[in-house]
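There are 4 protein chains.
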Amino acid sequence: MANTTSSTSSKPVKVGIVGGTGYTGVELLRMLAQHPGVELTAITSRKEDGMPVAEMFPNLRGHVKLAFSTPEKAPLTGCDVVFFATPHGVAMSQAKELLAAGVRLIDLASDFRLKDIKTFEHWYKIPHTCPDVLDEAVYGLVELNRPALAKARVVGNPGCYPTTILLGLAPLLGGKPLIDTSDIIADSKSGVSGAGRKAEVGSLFSEASDNFKAYGVAGHRHHPEIKAQLDQLAGHPVGLTFVPHLVPMIRGMLSTIYVRILPEARDTDFQAMFEQRYANEAFVDVLPAGSLPDTRSVRASNTLRIALHRPGNGDRLIILVVQDNLVKGAAGQAIQNMNLMFGLPESMGLNQVAILP
Amino acid sequence: MANTTSSTSSKPVKVGIVGGTGYTGVELLRMLAQHPGVELTAITSRKEDGMPVAEMFPNLRGHVKLAFSTPEKAPLTGCDVVFFATPHGVAMSQAKELLAAGVRLIDLASDFRLKDIKTFEHWYKIPHTCPDVLDEAVYGLVELNRPALAKARVVGNPGCYPTTILLGLAPLLGGKPLIDTSDIIADSKSGVSGAGRKAEVGSLFSEASDNFKAYGVAGHRHHPEIKAQLDQLAGHPVGLTFVPHLVPMIRGMLSTIYVRILPEARDTDFQAMFEQRYANEAFVDVLPAGSLPDTRSVRASNTLRIALHRPGNGDRLIILVVQDNLVKGAAGQAIQNMNLMFGLPESMGLNQVAILP
Amino acid sequence: MANTTSSTSSKPVKVGIVGGTGYTGVELLRMLAQHPGVELTAITSRKEDGMPVAEMFPNLRGHVKLAFSTPEKAPLTGCDVVFFATPHGVAMSQAKELLAAGVRLIDLASDFRLKDIKTFEHWYKIPHTCPDVLDEAVYGLVELNRPALAKARVVGNPGCYPTTILLGLAPLLGGKPLIDTSDIIADSKSGVSGAGRKAEVGSLFSEASDNFKAYGVAGHRHHPEIKAQLDQLAGHPVGLTFVPHLVPMIRGMLSTIYVRILPEARDTDFQAMFEQRYANEAFVDVLPAGSLPDTRSVRASNTLRIALHRPGNGDRLIILVVQDNLVKGAAGQAIQNMNLMFGLPESMGLNQVAILP
Amino acid sequence: MANTTSSTSSKPVKVGIVGGTGYTGVELLRMLAQHPGVELTAITSRKEDGMPVAEMFPNLRGHVKLAFSTPEKAPLTGCDVVFFATPHGVAMSQAKELLAAGVRLIDLASDFRLKDIKTFEHWYKIPHTCPDVLDEAVYGLVELNRPALAKARVVGNPGCYPTTILLGLAPLLGGKPLIDTSDIIADSKSGVSGAGRKAEVGSLFSEASDNFKAYGVAGHRHHPEIKAQLDQLAGHPVGLTFVPHLVPMIRGMLSTIYVRILPEARDTDFQAMFEQRYANEAFVDVLPAGSLPDTRSVRASNTLRIALHRPGNGDRLIILVVQDNLVKGAAGQAIQNMNLMFGLPESMGLNQVAILP
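Protein chains in written order, with UniProt numbering: chain A, 1 to 357; chain B, 1 to 357; chain C, 1 to 357; chain D, 1 to 357.
Don't take each hint at face value.
Note: identical chains are not told apart, hence a pair may lie in one copy or across any two.
[Claimed, not checked] List time: in silico DMTMM-like cross-link candidates among lysine to aspartate or glutamate, alpha-carbon distance up to 20 Å:
id, residue 1, residue 2
1, 151, 132
2, 47, 200
3, 73, 315
4, 65, 285
5, 227, 315
6, 65, 281
7, 73, 275
If you are wondering where the hints come from, they were derived from the structure by calculation, not from laboratory data. Being a predicted model, the structure only gives us computed values, none of them experimental.
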């Protein structure tokens, strides 16, 4: 780390991206292009070898000169860190080689999120080929795992839904019993970009626009990820009902979380507890009690906002959490992890104001 | 009624509309213009006196020749039925005069929905000036109150949220105890047209588009309406948490309802129970178990669709309900009530296929 | 025809659809399901053999009982008419067999729109395998070709852009010279459903929403179709600049057409001329001078609306034309053709009021 | 200026904003909050006196601490520059007082755009109360007026439509005759935020979403502004047809400009001419020939992109221009002017990458 930290003061972190043709990829590029502490070194895509990234993503014209190249040609082993903005299964296939070359890696997919291999294999339908790397991987939710992340060589960047639900519940778990952990409900809503840039009928404008629906009710891959982290935070298995929904907007995510306050905790000042817990966090904003956060208040920014509600001062606590699913829910959080791993100021390159309207 | 019924076979029901310049108004006009059993007789608006309705709503060009007129000039007392597509407070101010003239009335606002006057006055901040008419008013949810509605002179047409939540829960209430009625959660999502055609900043395209938020968490006017009906269905006071959200789409509503199955009811075949309950209903469609209804499947139609989910066959039952908030949630339901009140086939003029895409 | 006409009074027209899994297919199904003069007999899809259409398109639940079947199993030769809602190339491959069996056909793709085979092959990159059928095919723009269509066995249903531009210009062409036909500009804008239900990145919600662009500027397949028809209307070759654009909405199309009035025609009352030309047309609505038609005024309806503007009473005439690209621009017009071909009232099943909002 | 320039190297420019409650206001705040060379000093609003701007616009939480105050309390005369993000008529009423106090001003409305007072009064329906200030005001299109702007005390920041059309045409005007200047057509399309944050029915989500229309065809206030600048660029009066349209998206503007190439100019390499003209411009990006710029490629950025098309190498040149109407079309351009006026690097605080998707 001493080495790393000193390098950052003198020279930029060399960054590689594997799979930059999806939405988390272009979002990484957008943010890294404006990051003063990095040097974009390589971006790989087998399919688009030779195409300038700014040709595929014209918003990058004038900002990113790099072209896609095949992994063979791209000097990933010369990077300090490599982001995987790929489907699951890719990061694990390249992890060992990169680690051996002294490269650290941040996987934006799920290869290094679930410590339990059976759970991984059950939900992702592929064998996990890299269990020893998984062992050392750190779950990249900075606000929960800062010390471990600073030293991590491998980071499993959290899923978008988990980020909202975990940060929305963390202050309530792990201390004095406050809520009925056997019965937590997270009713989550996501913009369509969460489905990625794959050409699929269900993600077409004419299918998703002017429309709303739930999906994955019978089981969503983020369920085991959320539950594993909640179990750990609580210190015991929790009961979780999780229903994601698809909102006709590009970016943005809101989770409405319902918990029941235990009788012995009815006098708790939850608002103060949340404010205190996140007082020093640059990217978690606890709104005044009774606020109604909207997703546009975080559009294209790395901030996540939380508001608490307790209707009629009863035993139901409702936690509203908003984020931009592509930023705090993906690329921004990954860069926040990178900053931490390389001793850069945690919010370097991440301070942009949300776009409203 | 004999008189009414015979009249329908021979001559059309004469219909008046008070306040046709909002979205429920134009939706009534759209549907009544295609209804073979009615004659549009009068439509009132103080502000737009003399303006042809098709000038304000060009979709009606070639279909509706009527012009707005002031209540003074419009022969409402010559109608068989008058719809109030007005803010709350208007219907109650004209009810007695119309009833005295033998006119029946259907209020799409809230004047005749809440039997308890104190509750009404608490939530709507105006005195109820018409308690005796309220006494005879019938809550216009056809699937629950068909016999009373057939004879009703005054109908309080249900709110949009209540329609989804009540039809989603009705099969579970009133018989053998099946669910924990002390802890029902309804997480509802509505298109923006539910906010009406008032010029308000919060409903602007640039505010509501590409955005998502909860609102009314501290208390929404539909909460007491839903609770009053649930209490009656259950036969005892229920506990209800209700959180509405605003979706960036024009029409459509989805309620995600969470209930806990009682231990003694774990073997219940809820799917069969729902299918049986609604087997003869023209406008309630129970989808196959595990379906994921989307709002566009009912866009511009009077159908409400329900799907049941029981993740992991556990003790949580999740009920998904979709409708078009302007049709089954407002104008279509009002016409369904009218059909019933005047002995017309219940689905007359209401059989249009939903618009997809 | 006598046979056909008499059959319609006594028994419904038997209808088959080839390729009902796209947006023109489901739109045909929606409209035919409500059409009192037809019997939906068969719908083919190789890929979805056996799937009930209402399962793919849940808006049809309760309205259409048919399932997709392979062409082999579907009794298309037993139909009176077959609609092709397929990509180009399919209708021409099945035309002869159907005609031989006495079936008439309406192609919603381009196989029978362009009389010039070389032009077809240049733009569509496939050989035309059916030139003799093409010879007898009639261009299905009812308002221009009514007599020929009534007798047609094969109809090339017009493209969506051509419908707006041709109906917007027809009154100005073919008589006394009124406009400079060497320099016509059509700046057209279409909703995304015009791109169909194919899974393509460019049609994804996250690509097309909150975005606007021109496309096909270097050459769009509708250009030769529009030009061929304009040439014929004018009686000589016209000069046409055509630029289509993509609007982030599902349905709807607006063409802004710019023509220059000839000096000798400056005193023409264009408004009166248009009104007179379309006075007896059920589906062409000439708005009062200076109107600003919006696409939602025709959403889900078969009506096309036209408004004329002449800024400063100068020599520029601007013609605004709106339609629903899936209805008057595709499925509705196809049904209008069918009605005409089978002696049914031209507007049978096509009188629905547009959905607003 | 020496004074100004030296001050910028040592201390920030003190900025005031009049009327920060609209969309150009919040956009100024968003961009100025991230601008390293300014100090936000005062923001006025009579109606919202005392309200923190971050309460009205929650995207600014953590970035802007300022509260609105009345003009009386806000020390505008202590500013170096004041932006007017107000309706027309406000800047002219305060200009003299501010100038007298040594404050420079940039009006984002129209008070200082039109040099001809009669034209102003005809289109804006109010008397111009400040003709002498108007005399010295400079039209704030940096790419055309850089030298004058560097010294300006008063800047009339261009309208959004004019920015696209003027930068799209400037390379063609003023030199050797290249195009028929008597017949220029600009078919422009704007996102809804161009209509501002006023509560008006026409800007409601349920009116503007899933809809498209032309407006202002009979005459739009930007027409005289565009024409006056074009006349000046051409050195003679031009003929301009301008038709704006409303696109269902929040931000973004595309102008499709049609000009006819003169016979003597047919061999011109227009692509090279445009590239050369804008080679040194930080915010004008000439795309490769035949490109199809989309509005999202400039979303939330100050870049304007231009693409040229010449179908069939004929005599029609089509110029496509995209910008973000709130940035290069308003707030960003205003800041670009400020940078220039105060000797700051022209792109300071304006280098953000566009948001895609």
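A quick look at each hint next to the structure:
| no. | hint | result |
| --- | --- | --- |
| 1 | 151 to 132 | within (17 Å within a copy, 66 Å between copies) |
| 2 | 47 to 200 | both (18 Å within a copy, 16 Å between copies) |
| 3 | 73 to 315 | neither (59 Å within a copy, 46 Å between copies) |
| 4 | 65 to 285 | between (35 Å within a copy, 15 Å between copies) |
| 5 | 227 to 315 | between (23 Å within a copy, 17 Å between copies) |
| 6 | 65 to 281 | between (34 Å within a copy, 18 Å between copies) |
| 7 | 73 to 275 | neither (49 Å within a copy, 33 Å between copies) |
The earlier numbered hints that this structure contradicts are 3 and 7.
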